[in-house]
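Q: Position one of the sequence shown corresponds to residue 774 (this note's numbering), numbered consecutively onward.
Derived by calculation from the structure, the hints in this document are not laboratory data. It is possible that part of the hints are untrue.
Said to hold, decoys possible - Derived SDA-like pairs: lysine to any residue, alpha-carbon spacing no greater than 20 Å straight-line:
| no. | residue 1 | residue 2 |
| --- | --- | --- |
| 1 | K869 | P853 |
| 2 | K869 | D851 |
| 3 | K1217 | V1289 |
| 4 | K787 | G842 |
| 5 | K1393 | V1304 |
| 6 | K936 | T949 |
| 7 | K1024 | G1109 |
| 8 | K893 | H1281 |
| 9 | K893 | R822 |
| 10 | K1131 | S1067 |
| 11 | K869 | E833 |
| 12 | K936 | N990 |
| 13 | K1217 | I1178 |
| 14 | K1269 | H1281 |
| 15 | K893 | V1293 |
| 16 | K869 | Q807 |
| 17 | K936 | L898 |
| 18 | K869 | G842 |
| 19 | K1131 | P1066 |
| 20 | K1393 | Q807 |
| 21 | K1024 | K787 |
| 22 | K1017 | P1066 |
| 23 | K1029 | T1110 |
| 24 | K893 | R1292 |
Quick caveat: nothing in here was measured; it's all calculated off a predicted structure.
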Amino acid sequence: MPDLPVPRRRSGLKPPFRRLRIYAFDPSASLDLQLAVVNEATIGLDWERLEPGPVGDYLEVVDVDPATGGFYAAADLDDPALLVQDGFAPSEGNPKFHQQMVYAVAMLTIRNFERALGRKVLWSLRPWNASMEPAAKADRYVGRLRIYPHALREANAYYSPQKLALLFGYFRASRTHPGRNLPGGLVFTCLSHDVIAHETTHAILDGLHPHFIDASNVDMLAFHEAFADIVALFQHFTLSDPLKQQIAALKGNLGKRSLLSGLAKQFGEAIGHYGALRDAIDAVDEATGLPDPSALGRTTEPHGRGAILVAAVFDAFVSIYRSRVADLLRLTTGDGTRYPDGDLHPDLVNRLADEAAKAAGHVLRICVRALDYLPPVDITFGDYLRALVTADHDLVANDDRGYRIAFIEAFRRRGIYPRNCRSLSIENLLWEEPDTPIEIDWLKDEVFAAQDDRRAIHDAALQRQAELENWLRDRAPFTREAIRSLGLWLDETAPKTVRRVRTTQRPHFTVNSLRVASRVGPDGQQEQQIVIEITQERRGFADETDQATADATGRAPGQRAAFTFRGGATLIVDYRTRAVRYCIAKDIGDNERLAGQRAFLFGAPGEPPGATYFGFARRKEPFAFLHRVLEEDGHGH
């Protein structure tokens, strides 16, 4: 009898992924007879070795309760007894499950971003202040975002740019309008899938675009809130069993009100008001069945305005989903637009769920990829529409399912239009290529070695940013027109209010980021790009006459600058040819845009000043204040 081969032993073998149990929605869904069986979900995350906390490469969970001064024992998710049972079972009363929940959902959110962006997620730099030690000033890298599941004894949860942390609160439910909660019972925001995904998205977006928290126009903070809601909303569709249950209950019609199209239900019910986002989605004219396109012009509060953007994206998703399932509906009802009246066959539920998950995944990835196609400062909802269309066009040239048309129609119905476009055709919405060719010779010889370590990626990016700054400052063979097309003003004719380098008095500028993206489209097509962001600052004055004086002389007698006005550009560079494909600019010399920011902050004749509400953006914790205002105003999270 021949000897059997001896199996080879593989050293250092590690599992490909880790399975962890979470609430699919929040604890209140487990009190619903139909939802209880699907509210406990199990997700798979890429494997990483964890220290008790849990503490991994991206996240560090610190479970201290400042109200009591106590620490909760840290969860050790690498304990073999937990590994074999997918972690702790969902529980409102077990702090270790709370730790597991925030880690799992935050990591799920991070992975969704990385798949769409085609690169690793990096957190924002540690805030600079003059009292920092020299070593701290030189190294502001933050490897781990901290998460505090029980940081606040209040109905709030927020991302802190100062602490570079997520802080979750707990509170007692309303005694008069508790919804499905026990009147006066404890509600933990760290157990809401939506709240965790929302706050994690704020942190990721701040790492990508640190100037997006500047309230320079009415859309800025509204976009931050809306985008966080978009991510939380479409992550609902990544959980198979809850998705199938909801599709069966809705008879396939995802345009109806459901848990899939709402956010943070327990949180909203517990504080006595719920449904601001869903109200925006449902706000249609009874006669026409269409939303009111003038609502955006009447809405300035960030959450209300942001809800209109989320509703537009959700409308686009529903249109895409309907087109994907039209053949299934024709086979079932004989009409590609009519959903069945009776209960759905399980096979049909599975097929509809597959199409919904695919459509939601595509929409989420399009929304995330578009972040690279936005200007670095002062964005508008119209800019985001152009970014969506251009980002999708670059990766998927043949839009045979009409995704881009669905977005354009949905935004038009909500009154969201880009500025300076001749029409809403796809070719007019695409960002333009530079009128003056921009050749960045420094890039042609730069080697971008593949790296997996996030610290190494950060260090290499900082080095390249400094080198590109030096090249642009001293050796770039650009004409004045080419520099101005970048939204920058680098010669001596720049207004005196443009920030200067102290030693040379030349206009100052910063290369904020230089990152490589490697993306794969739905049909396997690959796209590699270098994304560069360059910004410049200018002092803004509350009075137009003072502004003109300071622009000409550098000073406005008796007056100090009241705000910072920013300009610059995002450059999308083809990785293979190193040619600049798009220059998405906001001009530092645009006095009309400067006047618009002044009017927004301090008011124009007949208009209320934005500073009465948005002045808090200059505070150190804008999201803490924003979410607290939200609860006081009764908009729901």
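Q: Determine for every hint whether it applies to the structure shown.
A: We went through each hint and held it up to the structure:
1. K869 - P853: holds, 16 Å
2. K869 - D851: holds, 13 Å
3. K1217 - V1289: Given pair K1217, V1289 holds - Cα atoms ~14 Å apart, limit 20 Å.
4. K787 - G842: violated, 38 Å
5. K1393 - V1304: Distance ~28 Å between K1393 and V1304 Cα, so the pair is violated.
6. K936 - T949: Violated. K936 to T949 sits at ~35 Å, over the 20 Å cutoff.
7. K1024 - G1109: holds, 14 Å
8. K893 - H1281: Violated, at roughly 29 Å.
9. K893 - R822: Cα-Cα ~18 Å, so holds.
10. K1131 - S1067: Distance ~32 Å between K1131 and S1067 Cα, so the pair is violated.
11. K869 - E833: holds, 14 Å
12. K936 - N990: Violated, at roughly 25 Å.
13. K1217 - I1178: Given that 20 Å is the threshold and the Cα spacing comes to 36 Å, the pair is violated.
14. K1269 - H1281: holds, 11 Å
15. K893 - V1293: This hinted pair holds, its Cα atoms lying about 15 Å apart.
16. K869 - Q807: Distance ~27 Å between K869 and Q807 Cα, so the pair is violated.
17. K936 - L898: Holds - the C-alpha atoms of L898 and K936 are around 11 Å apart, at most 20 Å.
18. K869 - G842: At roughly 17 Å apart (the allowed maximum being 20 Å), G842 and K869 satisfy the hint.
19. K1131 - P1066: Distance ~29 Å between K1131 and P1066 Cα, so the pair is violated.
20. K1393 - Q807: With a Cα-Cα distance of about 43 Å, the restraint between K1393 and Q807 is violated, given a limit of 20 Å.
21. K1024 - K787: Violated. K1024 to K787 sits at ~42 Å, over the 20 Å cutoff.
22. K1017 - P1066: violated, 33 Å
23. K1029 - T1110: Roughly 14 Å between the alpha carbons, so the hint for K1029 and T1110 holds.
24. K893 - R1292: holds, 12 Å
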